[in-house]
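Enquirer: These are the residues of each chain, in order.
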Amino acid sequence: MPTGYNGKILHVNLTTGELTVEEPPESFYRKYMGGSALNMHYLLKEMPAGADPLGPDNILALSVGVTTGAAVSGQSRMTATAKSPLTGAIGDAQCGGFFPAEMKFAGFDAFIIKGKAAKPVYLWVNDGHYELRDASHLWGKITGEVEAILKKELGDKDIEVAQVGPAGEQGVRFASIINMSNRANGRTGMGAVMGSKNLKAVVVRGKEGKKKFTVANKKGLNDLARLGAKMFPTSDVAGLGKYGTAETTGAQQSVGMLPSYNFNSGVFDNWEKIDGPTMYDTILLGANEDKQDLKGRDTCYSCTIRCKRVVEITEGPYKVDPHYGGPEYETTSTFGNYCGIDDLAAISYANQICNQYGMDTISCGATIAWAMECFENGLITPEDTGGIELKFGNAEAMVKMTEMIAKGEGFGQILGMGSAAAAKAIGRGTEEFLITSKGQEAPAHMPQMKRSLALIYAVNPFGADHQSSEHDPVYEEKVAYPERLGALGLTEAQPVRSLTPEKVRFARETQYFYSLMDSVNVCQFVYGPAWQLYGPEDLLQMIQAVTGWDVTMEELQEVGERRLNMLRAFNAREGIDREHDKLAEKMFKKALKGGPSDGIAVDRAQFETALDEYYRQNEWDVETGAPTRHKLEALELGWVADQLRV
Amino acid sequence: MEVHLTLHGILRDYLPRPAKGKTTLTLPEGATIEDVCEQLKIKQTVSAAVGGVQVENNHVLQDGDEVQMFRMIGGG
Chain X
1 MPTGYNGKIL
11 HVNLTTGELT
21 VEEPPESFYR
31 KYMGGSALNM
41 HYLLKEMPAG
51 ADPLGPDNIL
61 ALSVGVTTGA
71 AVSGQSRMTA
81 TAKSPLTGAI
91 GDAQCGGFFP
101 AEMKFAGFDA
111 FIIKGKAAKP
121 VYLWVNDGHY
131 ELRDASHLWG
141 KITGEVEAIL
151 KKELGDKDIE
161 VAQVGPAGEQ
171 GVRFASIINM
181 SNRANGRTGM
191 GAVMGSKNLK
201 AVVVRGKEGK
211 KKFTVANKKG
221 LNDLARLGAK
231 MFPTSDVAGL
241 GKYGTAETTG
251 AQQSVGMLPS
261 YNFNSGVFDN
271 WEKIDGPTMY
281 DTILLGANED
291 KQDLKGRDTC
301 YSCTIRCKRV
311 VEITEGPYKV
321 DPHYGGPEYE
331 TTSTFGNYCG
341 IDDLAAISYA
351 NQICNQYGMD
361 TISCGATIAW
371 AMECFENGLI
381 TPEDTGGIEL
391 KFGNAEAMVK
401 MTEMIAKGEG
411 FGQILGMGSA
421 AAAKAIGRGT
431 EEFLITSKGQ
441 EAPAHMPQMK
451 RSLALIYAVN
461 PFGADHQSSE
471 HDPVYEEKVA
481 YPERLGALGL
491 TEAQPVRSLT
501 PEKVRFARET
511 QYFYSLMDSV
521 NVCQFVYGPA
531 WQLYGPEDLL
541 QMIQAVTGWD
551 VTMEELQEVG
561 ERRLNMLRAF
571 NAREGIDREH
581 DKLAEKMFKK
591 ALKGGPSDGI
601 AVDRAQFETA
611 LDEYYRQNEW
621 DVETGAPTRH
631 KLEALELGWV
641 ADQLRV
Chain L
1 MEVHLTLHGI
11 LRDYLPRPAK
21 GKTTLTLPEG
31 ATIEDVCEQL
41 KIKQTVSAAV
51 GGVQVENNHV
61 LQDGDEVQMF
71 RMIGGG
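Line by line, the protein sequences give chains X and L.
Just so we're aligned, residue 1 is where the first sequence starts under the numbering used here, counting upward by one.
Just so we're aligned, residue 1 is where the second sequence starts under the numbering used here, counting upward by one.
Looking at chain X on its own, in the form it has when it is part of the complex:
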């Protein structure tokens, strides 16, 4: 009898309506752990190469991990994986909330979804029972409305709903999957894939399953949970809890790392108007009675940190309903400093639109920022925008454009393709201002200032991503967290803005660890190799306590490496190779303006040399960037090598 996981995977064929249950052996779970690695097993085995991302051949895999649902912080995560309509490469995105734990309690570790339903449906999974139900009455409705209807329809207020909003239904290329109306599998357009399948929602409930959930070593897990709760108030994530992820805005500004005006600058004059502490003081629910710690902070299942924002705005043009949460640092950045906007209410309102209609706030805000720079340079005109003055600093225009993208109106239809595809459609030299890698917009961390991140933005299989490796500052001048990074064999700090072979090793080893975390499915604020609440050894203990497996750190790192190789192999099948491992040209050509990062751009020679080194260290083909048979076989992925014919 497995502990921690169910040993059951539900296969859903939406074309035929057939639902079947697979019960893989324990060795399967130990090899993949869940999440992204488990999803990739099915995508590589069962999806034909060259599938249309928005066609029935695409497979949408939703998985939790072997520890999801355990009574400890940071375990309630679910990964969505499919071919991305935004990039044409592999797509992959994680969410938190209560949905992942409830999915585990409902009796399954993964849903593997194929085909396309003839009409809108939703998947209802209740304590091991499953069925597809008509969702015609839900189609076109925003997330909060759908949640309310389903709770009434199913007679249970404790169901959890992961759904697509109208943006996903219409095929906005960066549509997300939303749960709780405020948590997202945000990036790479997984909501567009789900919408293309006429699958409106996945609804889970595990009332009995929760009672039956067991772990191998309850005392060991309790000890770890108690340790986390004790450490938290003085930990380096205490600020994330109190002030949210936008706690970091002031730090980024201090050192010229706050991407502003579509990455033209690393500083934003009015940053204090949109940072986490200001949000806490002004618009967090309960701020007017100084009870925001009680009312304005939300959590994921069994987590001590409570970093999620709950915003309420009742006056003015931008009213925000607390049901739709509040903006993260990424969101205050993309709708804020990226666009030169210092109006926290407008940013929160744009965030609300994204959560109602189901869109990634990073790609949405960054696409608007790109369009603003094009507009400022006369490459996009009022004729294109329907008369909207899409200039930096124009909050009203930013909000209007967010609405138009969400509803597929006018110029919003073009921007809903994402900035890279929109640049191709518009032409006129608009690609000069792109900040994309593999067609995905860069998140709010700056490759100009973090050179290993520049490398990771370029080589990451699903495009520019900030949660795929540890960032440079912990490994520059001195090793900031020697015990934790030492557990991964990282002991030699490197100079600032260097990209030496050792820095590449830092990027690669921490990329494996983050890749592991997206497979076990744990939160990267709670677990990690540096500033997070728990370190690598704690994660090892947690997995051991939940599963009873005698896993080692080496074995865990191999799970992460295996997942990364599977993602790269998927891309290789699609003809996506080293030529696609690029950083936006703008990052090389245009030096930053103002503040501590004035005059700094990414060094092309340094970057290209590091690319070679990265492939070599991964034991991949340096010419193509594809995994080699030798490496794949070492990772027990010989069948993938057969697919690649290497």
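Source of the hints: derived by calculation from the structure; they are not laboratory data.
Small disclaimer: the values here were computed from a predicted structure and weren't measured.
Accuracy of the hints is not assured; some may be wrong.
Simulated pairs of lysine to any residue, SDA-like, Cα-Cα distance not exceeding 25 Å [what the hints assert, rightly or not]:
#1 X:K116 x X:G128
#2 L:K41 x X:F232
#3 X:K593 x L:K41
#4 L:K20 x X:T278
Fit chain L to the given chain X structure using the hints.
Expert: Using the frame of chain X, we list chain L on its own:
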């Protein structure tokens, strides 16, 4: 000597709330970032910048320095 200090994020909680993370500290000559942490009883891992340039925590401060202190920058 006096240094002008801005404490970002959670570090602002080490000052009285109305200060919103900003204060001027009187320190002995030769004081470092580590001394500031000790004086304010800061428990988190701290990074610092002086005049916009990131410095080590054993950096010796000068009279009139504009010092920014924040927790280590990672993802998020």
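Enquirer: Decide, hint by hint, whether the structure agrees.
Expert: Outcome of the hint check:
no., hint, verdict
1, X:K116 x X:G128, "holds, 23 Å"
2, L:K41 x X:F232, "holds, 17 Å"
3, X:K593 x L:K41, "violated, 36 Å"
4, L:K20 x X:T278, "holds, 10 Å"
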